[in-house]
Amino acid sequence: GDSVTQMEGPVTLSEEAFLTINCTYTATGYPSLFWYVQYPGEGLQLLLKATKADDKGSNKGFEATYRKETTSFHLEKGSVQVSDSAVYFCALSESYGQNFVFGPGTRLSVLP
Amino acid sequence: DAEITQSPRHKITETGRQVTLACHQTWNHNNMFWYRQDLGHGLRLIHYSYGVQDTNKGEVSDGYSVSRSNTEDLPLTLESAASSQTSVYFCASSLAGPGAEQYFGPGTRLTVT
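As you go down the protein sequences, you meet chains A and B in turn. When we follow my numbering, the leftmost residue of the first sequence carries the number 1, and every step to the right adds one. When we follow my numbering, the leftmost residue of the second sequence carries the number 1001, and every step to the right adds one.
Hints are computed from structural coordinates only; laboratory data are not their basis. Hints should not be assumed to be uniformly reliable.
List time: in silico EDC-like cross-link candidates among lysine to aspartate or glutamate, alpha-carbon distance up to 20 angstroms [to be verified]:
id	chain 1	residue 1	chain 2	residue 2
1	A	K60	B	D1073
2	A	K52	A	E94
3	A	K49	A	E16
4	B	K1011	A	D54
5	A	K56	A	E94
6	A	K52	B	E1101
7	A	K52	A	E42
8	B	K1057	A	E8
9	A	K56	A	E69
10	A	K60	A	D2
11	A	K49	A	E94
12	B	K1057	A	E94
13	A	K49	B	E1101
14	B	K1057	B	D1073
15	A	K77	A	D54
16	A	K77	A	E94
17	A	K56	B	E1101
18	A	K56	A	E15
19	A	K77	A	D2
20	A	K49	A	E76
21	A	K60	A	D84
Please work from the sequences and hints to get the whole structure.
Below, the structure is given as structure tokens:
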């Protein structure tokens, strides 16, 4: 079945550092790909998405590019802030269904 | 503004009791989902519904049930609560069709003593 693998962390960075969180997937067909963010005590919020190969999703300084050749959707941000501290989930939407498959989540801590 | 709400936000119950967690969305979405989130397991799908009167089992459905009598609500019932069901429960909804993003509620923290 479809699956998502991501670095589990925790990842600890200093403010203004460059962030990369790796995400790779296994899927049949052409899934849509997502990054969700979860702040402490809250539900998941959509951060960005991409629906086809070579699409780049971006939001709040975060970016990720749908790479079909490497089955990857790595999350990047050029300069992280303390307020970016959260858990980040990579997910895919099944090509032939409507359900999601989530990665295990990566906890990010940004220190001032 | 459209939203998805869950109640209660926190619940403590005893082993063996029946518990119902509420989920209500005003997005008018066809699809609704229940997940549980546990350390080391990420998000796991419990049940889902693609429309009124439609319900389906997810990967961890044992001990849980749902019913969908209208578009807005998908209550989750624990028939006989067990300590293994202590978790944080999230409800989500989405439009129908592949690639539709899911919108999540704020979660319910359930403790079974």
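Hints, one by one, checked against the model:
1. A:K60 with B:D1073: violated, 32 angstroms
2. A:K52 with A:E94: holds, 13 angstroms
3. A:K49 with A:E16: violated, 24 angstroms
4. B:K1011 with A:D54: Violated, at roughly 45 angstroms.
5. A:K56 with A:E94: holds, 19 angstroms
6. A:K52 with B:E1101: Measuring from Cα to Cα gives roughly 14 angstroms; hence the hint holds.
7. A:K52 with A:E42: Violated. A:K52 to A:E42 sits at ~29 angstroms, over the 20 angstroms cutoff.
8. B:K1057 with A:E8: Violated, at roughly 27 angstroms.
9. A:K56 with A:E69: Since the Cα atoms of A:K56 and A:E69 sit roughly 15 angstroms apart, the hinted pair holds (cutoff 20 angstroms).
10. A:K60 with A:D2: Roughly 28 angstroms between the alpha carbons, so the hint for A:K60 and A:D2 is violated.
11. A:K49 with A:E94: holds, 14 angstroms
12. B:K1057 with A:E94: Judged against 20 angstroms, a Cα distance of about 16 angstroms means the pair holds.
13. A:K49 with B:E1101: Status holds; Cα separation ~8 angstroms.
14. B:K1057 with B:D1073: Within the cut-off at roughly 17 angstroms; holds.
15. A:K77 with A:D54: Measuring from Cα to Cα gives roughly 18 angstroms; hence the hint holds.
16. A:K77 with A:E94: violated, 26 angstroms
17. A:K56 with B:E1101: holds, 16 angstroms
18. A:K56 with A:E15: With Cα atoms ~25 angstroms apart, A:K56 and A:E15 exceed 20 angstroms; violated.
19. A:K77 with A:D2: Violated, at roughly 27 angstroms.
20. A:K49 with A:E76: holds, 13 angstroms
21. A:K60 with A:D84: holds, 10 angstroms
Against the hints set out earlier in the document, violations occur for numbers 1, 3, 4, 7, 8, 10, 16, 18, 19.
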